[in-house]
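Asker: Work from the hints to combine the two standalone chains into their complex.
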Amino acid sequence: MIHSLFLINAAGDIFLEKHWKSVVSRSVCDYFFEAQERASEAENVPPVIPTPHHYLLSVYRHKIFFVAVIQSEVPPLFVIEFLHRVVDTFQDYFGVCSEVIIKDNVVVVYEVLEEMLDNGFPLATESNILKELIKPPTILRTVVNTITGSTNVGDQLPTGQLSVVPWRRTGVKYTNNEAYFDVIEEIDAIIDKSGSTITAEIQGVIDACVKLTGMPDLTLSFMNPRLLDDVSFHPCVRFKRWESERILSFIPPDGNFRLLSYHVSAQNLVAIPVYVKHNISFRDSSSLGRFEITVGPKQTMGKTIEGVMVTSQMPKSVLNMTLTPSQGTHVFDPVTKLLSWDVGKINPQKLPSLKGSVSLQAGTSKPDENPTINLQFKIQQLAISGLKVNRLDMYGEKYKPFKGIKYMTKAGKFQVRT
Amino acid sequence: MTDSKYFTTTKKGEIFELKAELNSDKKEKKKEAVKKVIASMTVGKDVSALFPDVVNCMQTDNLELKKLVYLYLMNYAKSQPDMAIMAVNTFVKDCEDPNPLIRALAVRTMGCIRVDKITEYLCEPLRKCLKDEDPYVRKTAAVCVAKLHDINAQLVEDQGFLDTLKDLISDSNPMVVANAVAALSEIAESHPSSNLLDLNPQSINKLLTALNECTEWGQIFILDCLANYMPKDDREAQSICERVTPRLSHANSAVVLSAVKVLMKFMEMLSKDLDYYGTLLKKLAPPLVTLLSAEPELQYVALRNINLIVQKRPEILKHEMKVFFVKYNDPIYVKLEKLDIMIRLASQANIAQVLAELKEYATEVDVDFVRKAVRAIGRCAIKVEQSAERCVSTLLDLIQTKVNYVVQEAIVVIKDIFRKYPNKYESVIATLCENLDSLDEPEARAAMIWIVGEYAERIDNADELLESFLEGFHDESTQVQLQLLTAIVKLFLKKPTETQELVQQVLSLATQDSDNPDLRDRGYIYWRLLSTDPVAAKEVVLAEKPLISEETDLIEPTLLDELICYIGTLASVYHKPPSAFVEGSRGVLHKGLPPRTGSIEGPESPDTAPSGEPAADQPSVIPTQGDLLGDLLNLDLGPPVTGPPMATSTVPMGAVDLLGGGLDSLIGGSGSFTAAPSSTAPTNVGAPLGSGLGDLFDLTAGVGTLSGSYVAPKTVWLPAMKAKGLEISGTFSRQVGSISMDLVLTNKALQVMSDFAIQFNRNSFGLAPAAPLQVHAPLAPNQSVEISLPLNTVGSVMKMDPLNNLQVAVKNNIDVFYFSTLYPLHILFVEDGKMERQMFLATWKDIPNENETQFQIKDCSLNAGGDGHSSTALGSCASA
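From first to last, the protein sequence lines stand for chains D and W. Quick note: UniProt numbering has the first sequence finishing at residue 418, numbered continuously throughout. Quick note: UniProt numbering has the second sequence finishing at residue 880, numbered continuously throughout.
These aren't lab readings, by the way, just hints derived from the structure by calculation. Accuracy of the hints is not assured; some may be wrong.
[Said to hold, decoys possible] Partial selection, computed: residues in chain W whose CB lies under 7 Å from chain D: (1) S253; (2) L298; (3) K322; (4) Y328.
Even glycine gets a Cβ: it sits at the ideal position worked out from N, Cα and C.
Isolated chain W, as found in the complex (with noise of 0.2 Å):
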């Protein structure tokens, strides 16, 4: 006989049958019983009106049905709270039996029980239970405080049970250990400020004497728990580091990386000299390389984590690259983490072998995976040089099958391959045009199409092959559309003598036609380009482009050591921070993300790019040039500071009109340039553009209006990403004569910051801090502090380029950091702006002659100086 015989009832008044069962004289009979309402309540049937009848049989000897009806209980006394009181007493009689296994079931189920009115009982008897002299019903109180915290958090904490719990941690047992810790992790995650697991030296002793002796699982929680623990010095991080090595060769998996995750994170508090640090290297590759062997699921992770190790420390595995290797029956999951880790390691030893497979794996059935393998093979060429010839001839055999997604994906990638090395492989258009009707995917077609706009002189019906495009214009795709557009007015640019109607239709096309905002901006500004200064136009659209980089999809530097510190974990298989998913702390967290995003990439960021000059004005890290992408995105966030506050505050209202005048007459005047169809423009066009920017003006005027001791708000000075998660922000200030720079420190890292020092480099005005930056306590991870540094103006002098331009090295433990901002002059000024007369000439006549220059202001209305802001530069002026 079966349990599948429980399930046959299906005669109509099931429950009935059943409760008139359970009360049956017979023990047997009740046995039997219970067990039916089990397998019903397991496959989901609601069997909870038999509560009480179920309860009935709760006072017994038998273990088994006692078993079984603390398993109902479990699963039902939440729907049935009043009911349950009834079993409460049977539970506290249990917790006093003298066998452990009853005391220790007695207090596991308790604590299941979701139902606030038992909790209240539960109390005593856990107390108890937490001082048990038997290991095991300790070990399995430990477990019921989560238990109830998760009910009851306020109750847990009154009760003194967290104490109680952080004490288990020194228990003899190595069991109970584990499970304390498992417990007070479980518990202070939903707690993220308290310092449940504070750990010191002593504690971490125990923990790792525990570790060697309680279980595979006991091992994880300890383990996951050590990589929380910051050891003071690199001795303390090595001694850890050697005792927990040996769990490399456990057989469970977690086991093995978790304590990858250990290590992987002491280890950078090593010294590469050391001979340990060379050891632990090596002895990371083997488990690593196992951990590909276990069931694909265990794969899965581990190739999510080693993607991680990979880019943190390439050395380990870099001879590893065969266990990468796919094999035909891999489940697709596993196939494309495999690939991605294989064009991680490529490098120049081992890329004919890379090559070579994955020209295999671009004939497999997979769609997916062939893609993939498709863009690898663009991907190794970007990244390894020597191989970029052989990458694009396997491309271009592959591109021969005629197999229509592989061409497509292959013209993508031959893009990139362009943009990394121009004017190498231009041999191959020829054949790449050949394909051009088969492109059915936007993203295909707008590769194609850049191509050849880019390449537009060497390919002789490029006007025609443009053209066919244009004719189901309103049919494409966005992508498409802009990608068009460029390429059709870099061909115009490059052969503008035949091309000139192609040009005027698709910039109508886009200007007229459209309704999409961002192809109509970008229509208008060629346009504008192309009317107003044509050989500007071709500086700004033929601009030599910046290469791509190495690699594109690396994971950003900040981002990658916090996720080393979360290997094994959810977040290391999404490759997000926690703070970006995991339930609770979302938006708690999430908010510090750095304001950055890889928002810019995209095909037409080759063209914006030349547009970076204006940015240098703006703060930016000095020692990288390579971010003025990113300083772009600045520009946006801090109009306050790019404003100069000089020229508002003496002419607020003068400078709409100025300005409003000055478009006027560039508009007006644009006419008459022309070697474009400007005679096409929509006049109209020139007006609503032109108010538009009055408008954004009218803005700043109205900052202007404000008092003398206008304060821009904080921006970012210094991302995190820049400088190892210290994130700086700030502004500067001028009250009562004194002049303060406020700064935000924001610890965005994973350890804590301190011993923080400032210094300014010389500057046009001889600002100079007048105080050491004094930062009390060190920087918990994720704290802010606000600073308020007082300045003065007796610094030496160099003047800076722009004037206002103050570089500015700030210094905690980890290192040393550069950024470079503009100050408003305003903060220079003096309050009172009032000089006796003679002081003024006396000063004027200081500043040599050669420095003034003469220029009228016109239709200056006069009230807009009349209220005393007369302002008048103070300090060691270095000469404007």
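This is chain D alone, in the form it adopts within the complex (with noise of 0.2 Å):
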């Protein structure tokens, strides 16, 4: 199972080490930073890299490499999915998940991190149950604690890790009770030099929260559950119900959690909210391109687009962009050659568009590749998929909660090639 963690800022420094057997030497860490050398890019590092005597499967999220070492025949998912948690685990107790926060909180994090593994096993990585036993700082928490003398360790066994629901705790006491669920869509695409789509598929989520009193039972029904075929659930769900009825019925967690992902593939039809008209050209003669593009709405059900963000990665031997927005600001980084247009909200009146000229390194020919264009930007109150929630009931408990349902579109990795 999992033998150790290694945490490694960017820079190539072990700034975390945690050995759930016996201790590994951090000198494993060696081949890491071989394959980090070789890398062009953090992002690029390999997930799994072989050493001798043992395997290092990592991630990279926040700028740190989470680095687990295993020794034998391990799942390599297990090991990676485990890892993700525990990201996650630090996002959720401190807010943010940075090496400075993390040595900020190095106790909390390394008491953490012996609760979510025993000998590489995993013990308790839901966050309900986690935060039981110990408790994550807050700034009240700190002075409470300096004055009284108290500990942020609970003194509890973890109760619900046997009741048949692990993921719920116990004794649950609101005076408002209210469940809240957003549906967020995110809309994959590659759009080609036309305009027509190459491929989109839309990743959806379904994220609650949920602050009921008590063991509420809850089902929550779909307008159009044919939409979801291709789903994963939260351990919460009941399957068999899902499978007969196309309902969700479950007793929720306390708190946040992810209810359900789902996946629209590309052969549904798959609606593309914007476009992005463009005009890039480079000459081989002189040294100046000419640059323009335009976004505008396309299929938005009546919504308004927003918070739409495009950046594009210009080839190297761009020197300059010299270009004027009609609306927004624009930013280009002549050392990572990165262009980035903020546009915000788009008018469909008055369509938003960059121009001007790209200069060249004087001397070099014509880039090859055409840089492509990334696009961001949001909707709300729409699920691009059609899909809408019928109706949410509540079993098991006597109150009357207050329900929300929310939706939301956003661009996913929406790409348009030039």
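Answerer: Right, dumping it as structure tokens:
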């Protein structure tokens, strides 16, 4: 199972190590550093690295490498999933996950890690349970602890762990009972030069924030459950019920959790809410090129597109760009050659555009590659797949909860080739 | 205040200061001090000197302090074993605590202290905790057994903990079951032979029930354990599949992939006509696609596994091509894997899309990726015949970009396209030749030279082109040198008049000036060929080449089947069986790998292929034709069988002279054939060559002097990869008048083999099994069994070619396999060799006259046959 964990920052310093079995010398990370050197960018460091006696499995998040060391045949996905869970837990505990924060809370981090694995076997990974065992630091609690001498380690048996619903802690009490569900859809798409869609798919999730007293039993039904043919559920969802009735029936964990994620694949028609008109040309002879982009709405079901952000990685030979936007602000970083244009809202009457010229390094020939345009946007109150929640019911408790459902569509990996 | 304050002490005597604080009377100060110690420990500072002081803080009611001290203990107990004993009492006391959290914590921590002396004290508390009323304690204790086993395996076995652990599989609490399975799996890994996880239908049922209720991690352990189970029939397989399928909708990708493994494995047992089979196939696609929307690291592992799944069952994902399209900001390791799968999924239906994508990728920034994309275009051409033309024109477009590495890759793949579709796209050669100067990579140069040589007759200035390469011959890599040699010989055979000088030049460069044995040997072979028999040379060098196969990089089927069983593991990421790289099992299983590897692949293979004909005499698997190369390897492996034992045993000494003389005359005569420049051949070459061969035959002569009961070493008759994992090797022997076939059956598959039977085809001497094949116990994976099968000569007779060819069929519970082998004739000879004069004459006369040929043996030294090896063939001889 998982032997050890090393946290390594972008500069290649090990700033935390944790061993669940015997101690593995940190020199094992030399193999990782080698791979890190070979990779052009941090993202490109291979996630599985063999060494003579160990395997290093890593994830890269928040500019930190989380490197797990294993010695025997262990499912790599198990390790990688676990590492992501560690990051999520840190984020949950400290709000952000960064080197500074981890160093600031090193003892809590160490205690949490100790609870998460025992001898390399996962022990408590549900945030509900972990927080019962080790209380997350808050300013108030730190103050109180200093005054009263109490600690942030709970003296409780994680009772939930042994019940039929291990994900929910017992004895939950709220004065305001509320349950919110966010249906968030991300569109991943590749659009080719001419504007036609090469591939498009929707990754959807339903994130919930449930603060309900006692042991509520919820059911959530959809207007059009047929859209959901490829789904992954939180363990609380009763699968049989879904199979037979297409209804989500579950006893929710307390607090924030991801109820469901789904995938609407390329075969179904995926509506593309924006289009990009572009004219980027470099000429062989002169060291000047032309650059022009216009963004406009396409299938938005009458909703406004906001938070639009255009980024594009320019070829290496681009020296500078002189551009004028019709709205928003733009930045070109001459070192990384990254152009970003913060557009904001799209007004269909007056389409935002960015025009100007590109200066190339003198003496170089026309770049071989065409820059790809990366698009980000948000549409409130719309699930682009058309998914709609029908109703939410609660059983098992007497009170009337406050219920709310929000929809949102975002760009995932949305790329336009030029 | 944050924990970073613990790092700020940089003053001298830090340890000393901490020591003072640890021994402080104030609780609060103590705790702060322990926290500082822990903080130093996490960043790798050595604070082991504080051991006694920290352990003193252990006796406390404060749970946090206790936990912190435990953390410290786990880290440093090993370096201070004597001091660690001090902690034992507290542990034992804590194991009796009314609070199950403390009991569990104590047993958990004790297991992490890797000190032998402590483990003895651990046994009693552990035994109690394994039977604790609280499942939380039981599940912690289960893991503790695995820890203890890691420290002292013998102790665990002696104390009977393994049996207790096995009992926990039937525990009422699913979490306990999952942890017991996890612990047992880990223990079993270090004991490959033990049957710790012997599953039966009852325990399977228990596991399947626990599967629904335990945590996601527990589900992974249980699923991986289930995958090792062998259902007794398809009904059981189906019912397990039905209960595992819901796991495909789990949010944890490791659960999904482990479920996929179980399904892929058990699917093998289901009949394809079954409705359920089709349903299952359909259900597998969406979760696999979903894995690709996860984080890149997860995607990578998923893609490596999908690569296997696509090879095994392409139908699952055949409509999902688009999800493998590459996004420009995917990490490079994801891009490369996606590309590989795109090619595997390419078919006539989607080839247009795929090509458009590949062309797009070829203009990206990352060089490795661009190269692979260009190569992929070539692979598409080879895989989907209808697309070949479009691929070639795409490649030509790319060559026009003049981007150096793109051009080189394009040329390499175009060479492969030529090999697949000869005489179809030669019109592009002119364009290729234009780029000759820009090629600086050996592979591209070699490819270009191959093309020029192969199509020398259509390229007007082929000789000039090749000559230009010849100038820097010695600076080229071996690959290019070999290719250049072959290409010029081809050119010479096609246009002998103009290129005589060129060929002489290259031959002398290769044979005289080069140190490389491969190059020299190939040079001599060509030289000899050209000088002895130009017609034969033409036949050999310009022979029709077998077309290259559809897909060049498919994983070999037995390996693929094995890897499918390892879906979701490191083996599946590396596409190697675990025996090849996992520590511990190395060496034990590695030997068992089939001896053939892909080493015959290479630029020269088309030229060596024609020489495969003599290999037909070798033991070979009957139905396959395309295995000539494989058989060539067998030639190397089985020299004892190839030397006809009859000849060597009768005239052992004569053989040397005979052949030596023959060779001499061959070499001596070579000068007189000549169309080729044999005059420049260094004459001393012949002699060492001839004597070398003579030595070789000396060797066989040595073998021949053994007694009549000579038994050749066993050779592999049926390699595992051709028989779904069954490997048969064997030999023939004769002992005291009875013939026997000595077989070794090795099970290299992952399932048990049973119900063996054997049958011979009719053969020249009526050899037949005298008894059925007796394999008493079923053959477990990786086991071998030696069997001696008695034979007689009363079977039906049919003349075989060659005479001593024997075709054999072996059956087991999996399938029927065929192979053929040659048996040495001496096994048919009686030992005494004496025959009554009358009888000999009568027998002689029985043989019809037309079968008699006469020839003289010269220089035969008389003592050779002197010691009574005048053997006589017996049995129903079907006339030589």
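Asker: Decide, hint by hint, whether the structure agrees.
Answerer: Consistency of the hints with the structure:
1. S253: holds, 5 Å
2. L298: At about 6 Å, which falls below the 7 Å cut-off, the nearest Cβ of chain D leaves the hint on L298(W) intact, so it holds.
3. K322: K322(W) check passes; min Cβ-Cβ to chain D is 4 Å, inside 7 Å.
4. Y328: holds, 5 Å
Against the hints set out earlier in the document, no violation occurs for any number.
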